[in-house]
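Enquirer: Hey, can you work out the whole structure from these sequences and the hints?
Listed below, chain by chain, are the residues.
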Amino acid sequence: MAKVLLDPITRIEGHLSIELDVQNGKVVDAKCKGDMFRGFEKILVGRNPVDANQITQRICGVCPISHGLASSKCLDDAFGIKPNKNGRILRNLVLTANYLQSHILHFYHLAALDFVDITALLSYKGRDPKLNNLKDWAKDELEKKKNRADAITAVAPFLPRYEGKDFYIKDHDLNIDAIAGYVKALDIRMKAHKMVALFGGRAPHAIGLVPGGVTQVPTRDKIREYRKLLKEVEEFVNDVYAKHVIAVAKGFPEYFKLGKYSNFLSYGLIDKDEEHKDFMFERGAFYNNKVSALNTRLIREQVKYARYQSASNLHPLEGQTDPNPQKGGAYTWLKAPRYNEQPMEVGPLARVAVAYLSGNEAVKKELDAILAIFNAEVPAAFSVLGRHASRVIEAKLLCQEAYNMLDELEPNGQPRSTYQIPETGEGEGLAEAPRGALGHWIVVKNRVIANYQAVVPTTWYCGPRDDRGIRGPVEDALIGTPIADNNNPIEAARVVRSFDPCIACAVHVMEGDREISKFRVC
Amino acid sequence: MSLSRREFLKIMGGSAAALAFPGVILQGCKKALEKASERTNVIWLQAQSCSGCSVSLLNKLHPDIASVITEHISLNYHQTIMAGTGHVAVNVLEDAVKQNRKDFVLIVEGSIPTKDDLYCTVGEVGGHHVGVREWVEKLGKNALAVVAVGTCATGGGIPGAKIRATGDNPTGAKALEEILPGRTVINVGGCPPHPDWIVGTLLHVLLKGVPALDEQNRPLMYYGKTVHEQCERLKYYKEGIFAKHWGDEGCLYNLGCLGMDTGCDIPTRKFNDGINSCTGSGAGCIGCTENVFPDYGTRGIFKHLNASNTEIKSLHPETQDAIMKLRNGGVING
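Chains D and P supply the protein sequences, listed in that same order. Heads up, the first sequence is in the working numbering, so the first residue is 2 and it goes up one at a time. Heads up, the second sequence is in the working numbering, so the first residue is 46 and it goes up one at a time.
Check each hint, because a few of them may be wrong.
[Stated by the list, open to error] No more than 20 Å apart at the CA atoms, straight line, and that leaves these computed lysine to any residue pairs for SDA-like:
hint, chain 1, residue 1, chain 2, residue 2
1, D, 147, P, 229
2, D, 328, P, 146
3, D, 145, P, 172
[Claimed, not checked] Looking from chain D toward chain P, a few residues come up when the C-beta cut is under 7 Å (computed):
hint, residue
4, 9
5, 38
6, 39
7, 55
8, 59
9, 159
10, 181
11, 184
12, 185
13, 216
14, 217
[Claimed, not checked] Pairwise CB distance ranges (calculated):
hint, chain 1, residue 1, chain 2, residue 2, range
15, P, 182, D, 251, 22 to 30 Å
16, D, 29, P, 182, 32 to 40 Å
17, D, 143, P, 147, 16 to 24 Å
These are computed hints drawn from the structure, not numbers from a lab. Bear in mind the structure is a predicted one, so any value in this text is a computation, not a measurement. In this text, a Cβ means the ideal position worked out from N, Cα and C, and glycines have one as well.
Expert: Below you can see the structure in the form of structure tokens.
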């Protein structure tokens, strides 16, 4: 048996590494290690509750909007207010725009280089000036750096990479088309970020998310600009992004059978009312082959294999998180969250699966259409390729829905309700980040934060074994993955990246306040 | 590739930057600009970061990010973008250390933990988890120049914020300049920094040397004026019109805006291709470019929202007056 280490896993957010045991060319065991810790929640205690919104966005620079929204909802709850209608819709529009930039970024700029052969550029014969510039640059890099001390960095950051037989797409035209997609996607995701900034003030780290809604009044010119950018992004999603994901799936159909997982949790995406009851993608948990209603009381976090010396199996709000970098047997900064003792996958596939299995017609139509291309059944979607396809489905449906959101806005109307910070209060805010289910909880005392907790998507799927030794979703999904060459374990990297891990999100927790145990968890 | 003076100024961020350049720097500019074809190596390390600075960098325009990494620099190492994974990636760092290479600029995003190296590691070499501090020290010693990108790297930022009860910090998170005491660290503050500031500063260093810096070692051309003096809402301040709620017309000072204490040009440059700004969007400035963000002593970000009567008494009489007037008018949490 061989130990195979992928440290660091690049092209994800943050510091993650993977340790594999490989036997007879297959993964037989895996450990998923979060390699960074900051201590956010401890820092929040004693501050103005409204600061939480800005501070928690800095948990993650790729999905700050989701943290901003979870935090805003959490403060709404603690302050005893609801967003007004404009506020709710504007939040949804900001979130939608960030989903679009995040999903596009993930496929092209994070995941695609595991499939697309960038060296196809060197034999490019077409006339696209951008591609010719890239080709000239790549040739110049190889030539100039050949005999220099920095030779290893020729054509960086696209080379060096894992090398092996059949690692990358062979079809020259498809490679070129996908590379053109990579370049175009840089521009498109930037435009999606402009959409975030239109109603969020700026991106990343939106400035304008506040309790009650947002700060930006939806003027007619801003609505018009959003619609214009949306149309451009939508065309890219439907005509280019969707096509490339299908093309990759056709080139690597075995990845419908790899990276399998089938426990799913979703908090519900896009609030259709101010009560947070009705969603565009349904809320629920799927395990033991059925969808059940969400009950956040069933969440526990376990730390036997995490670098914390505090007690295990506590609800996050009762949680004690006392770091011990040198704890024996521990191998990660991520805890192991469990829902009714089950490890759960969260994220695009979880949302699509819960929606599909809850009878969501729009989602069913999209997923069935993709499965039909491959003559496959629903369980095939619970895989590496299913995760990529789920992002496309979300991007398409969110684009469609965004037009309705814009139509529902009251132009020039108030973008938020008003609030007072109460002497005391408690709040829960549930949101869906591009990477999955995200919850924030707050206790306010003397008008300042007495406790703050966040349970984030990547902790759910990149967490370690739990106290019973049951692997986390990514660890489990890696089992059985064939590794052709232990020095170039690209297959494992593809499985891990399909989850779109965000480690900055996953490791942020710090000591809890004992008094939090009185907290209401609904 | 060679750039004209005009093109250089455009890269630096347009006419506002032109005004910030003393004439003497511009003389002979063209000659220096020819160095641009050399594509200087850049190693970009992420420490305790959220990757927000990197995501902001992707929003670069004129030149766009693809041009930056193919024409102006050679991005040797950047974990979020690079194709290489695992040892293929970390070999790039090891190789630079082993060969004692001195042909690169080091950029660091994120704060650096000092209580234990395991609080942030990059790669495993010979069974040893390599702390990001170790990489920073080894690479920082040899780098042509060292640039801290984002407020975590320039001042500790949020990972470096104080625990209110103890005044301590969970991981001993430090700014880059505290890890490399012997070196001039150029600080590009901001949470996140505008992409023009990141690329403009870097290219200035590569082409013209270290730009004129302020007392926090930030380039004066971007941080030399306060948000307040360039604010879209300055006229309201002068007329004494103050917003009562988020998004209202009026100066945002009493909602907690830190524009008077914060150096940066966002009200004129604006974020995301000029589409909006912190003050323009009705939210106000949170002081994110300053190395004291987000603590500001014990003030925090949105102080005025719930300032006590005692605290209000410690403020400037004019400020007190404005707040009391607003309170009487029913300001948020008044």
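Enquirer: If a hint holds in the structure, say so; if it does not, say that too.
Expert: Against the structure, the hints:
Between residue 147 of chain D and residue 229 of chain P the CA atoms are separated by roughly 32 Å; this puts the pair beyond 20 Å, and the hint is violated. Between residue 328 of chain D and residue 146 of chain P, the direct Cα distance comes to roughly 36 Å. Violation of the 20 Å bound is thereby established for this hinted pair. Between residue 145 of chain D and residue 172 of chain P the alpha-carbon distance is near 35 Å, which puts this suggested pair outside the 20 Å criterion. A distance limit of 7 Å between C-beta atoms decides the matter here; for residue 9 of chain D the minimum to chain P is near 6 Å, and the interface restraint holds.
Annotation: residue 38 of chain D was flagged as interfacial toward chain P, and the flag holds, the nearest CB pair being 5 Å apart, inside 7 Å. Interface hint at residue 39 of chain D: satisfied, since its Cβ lies 4 Å from the closest Cβ of chain P, which is below the 7 Å cut-off. Residue-level restraint check for residue 55 of chain D holds (minimum Cβ-Cβ distance to chain P is 6 Å; threshold 7 Å). This hint holds: residue 59 of chain D has a C-beta 5 Å from the nearest C-beta of chain P, less than the 7 Å allowed.
Hint status for residue 159 of chain D relative to chain P: holds, with the closest Cβ pair at about 5 Å, below 7 Å. Interface restraint check for residue 181 of chain D: the shortest CB-CB distance to chain P comes to about 12 Å, outside 7 Å, so the restraint is violated. Hint status for residue 184 of chain D: holds, given a least beta-carbon distance of 6 Å to chain P, under 7 Å. A distance limit of 7 Å between C-beta atoms decides the matter here; for residue 185 of chain D the minimum to chain P is near 10 Å, and the interface restraint is violated.
Proximity of residue 216 of chain D to chain P holds as hinted, the smallest CB-CB distance being about 4 Å (cut-off 7 Å). Taking 7 Å as the C-beta cut-off, the interface hint given for residue 217 of chain D holds, the closest approach to chain P being about 5 Å. A C-beta distance of roughly 48 Å is found between residue 182 of chain P and residue 251 of chain D, which places it outside the suggested range of 22 to 30 Å. Evaluation of the 32 to 40 Å hint for residue 29 of chain D and residue 182 of chain P yields a pass: the beta carbon distance comes to about 38 Å.
Look at residue 143 of chain D against residue 147 of chain P: about 23 Å separates their beta carbons, and that is inside 16 to 24 Å.
Of the numbered hints stated above, those contradicted by the structure are hints 1, 2, 3, 10, 12, 15, listed in ascending order.
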